[in-house]
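Required output: the full structure, derived from the provided sequences and hints.
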Amino acid sequence: MLELRCVSKAYAEGRQVLSGLSYTLKAGEYVAIMGESGVGKSTLLNLVAGLDTPDSGEVLIDGIAISQLDDAAATLLRRTALGFIFQAFHILPHLTLKQNIALPLLLNNMPVRRVEKMLTEVGLSGRENHFPHQLSGGELQRVAIARALVHCPRLVLADEPTGNLDPETARDILQLIRTEIKNNNASGILVTHSHIAAATADAVLMMTKHGLRETEPVKR
Amino acid sequence: MNTSTLSSWLLLGEWRARFMQVMVAVLAIAIGVALGFSIHLVNTAAFNEFSAASKSLSGQSDLQVYSRQGYFDELLYPRLAQHEGVRLANPVLEFTARISGEHNGENERKLKILGIDMFRAARISPDLLGVPAEDQRMDGLADDAVFLSPAAMEWLQVGQGDLLRFNVGTQTLALRVAGGVTRVRAGQRIAVMDIGAAQWRFNYLGLLSRIELKLDAGIHHDVFRKELERKLGTQFFVTELEEQEARLASMSRAYRVNLNMLALVALFTGAFLVFSTQVLSVMRRRSQFALLRVLGFTRKQLMLQIVTEGIVLGVIGSFLGLALGYGFAALVIQLFGGDLGSIFFSGIQPDLHLDLVAALVYFAVGLGVTLLGTVLPARDAMQIKPAVALKSDHESNVIERLSSPWPAFTCLVVALLLTQLPPVAGLPVFGYLAIALLLIGGIALMPRFAAWFFSFVLHNVKKRFSDGKLNAIVLMVLARLANVPGQASVALSGVLASFSLMVAMAIMVLSFRVSVDNWLEHVLPADLYVRAADSGKQGGFLADEQKSLAGQSLFSRSDFLRYQQLILDPERPEVTLIARPVDSADPRNTLPIVGKFIKSSQLSEHDRPIWVSEAMVDLYGYTVGKQVRLPVGNGMHTFVVAGIWRDYGRQFGAVQMQLSDYQELTGDMSVNTAALWLRSQATLDAAYRALQQLPYADALEITQSQTIRNTSLQIFDRSFAVTYLLEIIAVIIGLLGVATSFSVQMLARSKEFGMLRHIGVTRKQVLALLAAEGSLLTMLGVVLGFILGGIISLILIFIVNPQSFHWTMQLSIPWDWLLLVAAIMLVAATVTALIAGRRAVSGSVVRAVREDW
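These protein sequence lines are chains A and B, in that order.
Heads up, the first sequence is in full-length UniProt numbering, so the first residue is 1 and it goes up one at a time.
Heads up, the second sequence is in full-length UniProt numbering, so the first residue is 1 and it goes up one at a time.
Do not rely on the hints blindly, as some may be mistaken.
What the hints assert, rightly or not - Only part of the chain B face toward chain A is listed, based on derived beta-carbon distances under 10 Å:
#: 1; residue: Trp15
#: 2; residue: Ala17
#: 3; residue: Gln288
#: 4; residue: Leu295
Stated by the list, open to error - Here are the simulated DSS-like pairs of lysine-lysine, each with C-alpha atoms no more than 30 Å apart in a straight line:
#: 5; chain 1: A; residue 1: Lys26; chain 2: A; residue 2: Lys182
#: 6; chain 1: A; residue 1: Lys209; chain 2: B; residue 2: Lys385
#: 7; chain 1: B; residue 1: Lys300; chain 2: A; residue 2: Lys98
These are calculated hints, taken from the structure and not from any lab test.
Heads up, the beta-carbon is just placed ideally off N, CA and C, and yes, glycines get one too.
In structure tokens form, the structure reads like this:
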């Protein structure tokens, strides 16, 4: 599904973040990535999403080197193949929940029927015409999960999705993310600082300046 | 469903969120388009009516023959009537006659009279035939009958059978109103009478003003015309109707274009408002756009989205503007006719027609300026780096781009270069472009200048309070202005544009007014001016009357002036010839001379000097020392240009010459005007009484120079009233821009204010912070507005005015008025900032600190 081949990246000021990183994520696999702040977790997600380009090495999604694509092609690949969940939710404030969730479908010229199903799956059935300011933080993240999966992406990238939520809500959201990724036969990468959150994934990878290292299997 | 659905969702969502800001932007465009379109419609309607009315007097002739001196000997008529190729020749005597009554210069009534040969006119201009009463069929040939158009009857309050009295020189002539005119344009005031009767009764014996020609079929007009002009010599010229129209158009073109430009100032200010609205909208939505990019919006789609938003704004605003403009034009025509304050179209009653081409042009201009205000923010949105924008609240790149000084400096340098270019078709096109570039350059420099200025202030304040006692609010205000000047500068762009234009216009108008006032003082040195109506081709005062006036014991000095119209170029309006005594040893004693001049001692014995107005230099290339030939008397005579004088009274040129030279060349000893100086012990009342004792007192128009000055300045102020109105509208649009920009910023800064409230800043302190930010920025804007406006006023005074109207003026600055407007702007902007900031101190802001959106 996802293959990282000797990926290196340094910031403009010269600080090396990733050096020679290699990893392969299989289809249907859901992994958590942990690591200290500044080690390059978010940078890695940006490289996978084609929002940034590596200094060297390659990022391949289903065999396509997204890092080699120009902006328009990378955008098209991101549009069809990827789903995103952010710590800060990033729900457009002036669109209804239904419209927010439908965004990826519209961009892909797909029918918006699946929006209702996703709303039901994330527990927001009947609230499709509500606006974001009428929702709690946990509910907003549910909307984000529905939006990330509505167009059946092959890979979901979640960057600290529970960082802004209370522990109880966070637990529900993490479970929902896992369930939805699995139900939709997608792969997933969860970036988190939380061991509890990481425990919801199939595997946990520890990111250090030396690369990615798989830790012991997680007990759920 | 597809991306267009998504686009409409995003658009409607954004409009729902900031309805007021969007409405203000739409309104700004609408007002700009409405002003421009309505002024164009009114001026076009007035001009078309004016032109149609003028053309209607020439009937269906193929060619018209005129003399360069206005009138010519009627012996030419039989020659032309028998000329090969001429099917019909129609002699016409056209002149204006003064209606007898009270005259003080203000309420003088003059009526255009056409003397026609009804038998010939019936075939070439049948509309102009008089309609006599059933039982008075021969009135068309009667020597005491005149036919009036309906508008003339209404204006003069007379009907069929009434007597109408005219002044002819110092005599009074009574004519009977014999009926109406077959068909004339609504509002057109003319009288028609038999040509022989008109020549006799108004002292034009043996004279005609034009001969209209109908040519045989198959005659090539151009060839015939050239041949005829060659035969007639330089004293005559032959024209076609189209040329007359071009001549009429050239008379008012500069006025119409300048007024249109002025109307577009509001639209220009509106463009800045759209720009600031769009920039702030892009800033506010950076994270949203970043999200869309992450979800798969391409850069092009994002740009298209923002441009579409701009297009929708522009389309709605422009449509609304066209509708408003049409309504406004209809109202103006209903209330004031076609007169927007100029002398050209007063008394005209035009019909309003929807000009589709003009509507399209103004629609395109409205849409164009909206797109101009949208393109830069859209380009900025395209450059957003999604990963960065989703993580931080970093300010928009568009401001960083604006803070680069090079585009702004380029604009300024190009603007300065453009000021050196000549006019295009008599219009100061490059002058206006220079003004636009100066504004754009000046405003683009605003963020950088604000950063520099407030950094400097902050640095010094910090140094002054190095003991740590610096007030936190002061520190926050200065730090924000020094470090994040972009947003605030955008808020001020509209106000800076409108304020600097207002400063420029105020300086130009005052300079003009002071110059006109000084000029009037110079050209009206006498205490009293006495005029008599023309007596045919001659001035109203013949030798005897001049003697009796000069002989009055109350006057220490009397000068006599003779006015005549000359046509030097058939495609241009007439030039006024003024013959009077001029102090040729030092003409500055008589005329408001500009620049160098030639004294009489420097001229040879045979040289006849003339002094020409500034317009003659631009229009005819007359320069000091040049020898020119003018049609004075019987033939062309050579004169030497001995000086150039400033003339605000005649835009199309005037020539002054010694009265003695004029009399020697023409043999015409009559004059039109007497300038009289009172003896030191004499009073004005006594002078009036003495003049009213004269046998021809009824025919005199007696005016004090002070009255002429006051009337002239009143006319000046009236003609600039529409200017002030347009400027005020532009400033209001500028202030609306401040209001919307500040309110958008307040929303964007709600987290900042929430944080401040959390750490113990009181509501009052937040309000003080906002007031300080608003007033400091406005103060800087006002100072920059003064500088920018000052420079623009120099372009208006020294480039635009001379190129448009061919006159120069001296610089005067209305400090008191400008300071008052600056103070009003300062207070208005501060209050606006406070009103917009009321949300900043509401409870929701405290919550905002916990929210992400």
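Here is what the structure says about each hint:
| no. | hint | verdict |
| --- | --- | --- |
| 1 | Trp15 | holds (9 Å) |
| 2 | Ala17 | holds (4 Å) |
| 3 | Gln288 | holds (6 Å) |
| 4 | Leu295 | holds (6 Å) |
| 5 | A/Lys26 with A/Lys182 | holds (13 Å) |
| 6 | A/Lys209 with B/Lys385 | holds (25 Å) |
| 7 | B/Lys300 with A/Lys98 | holds (25 Å) |
Figure legend: structure checked against the earlier numbered hints; every hint is met.
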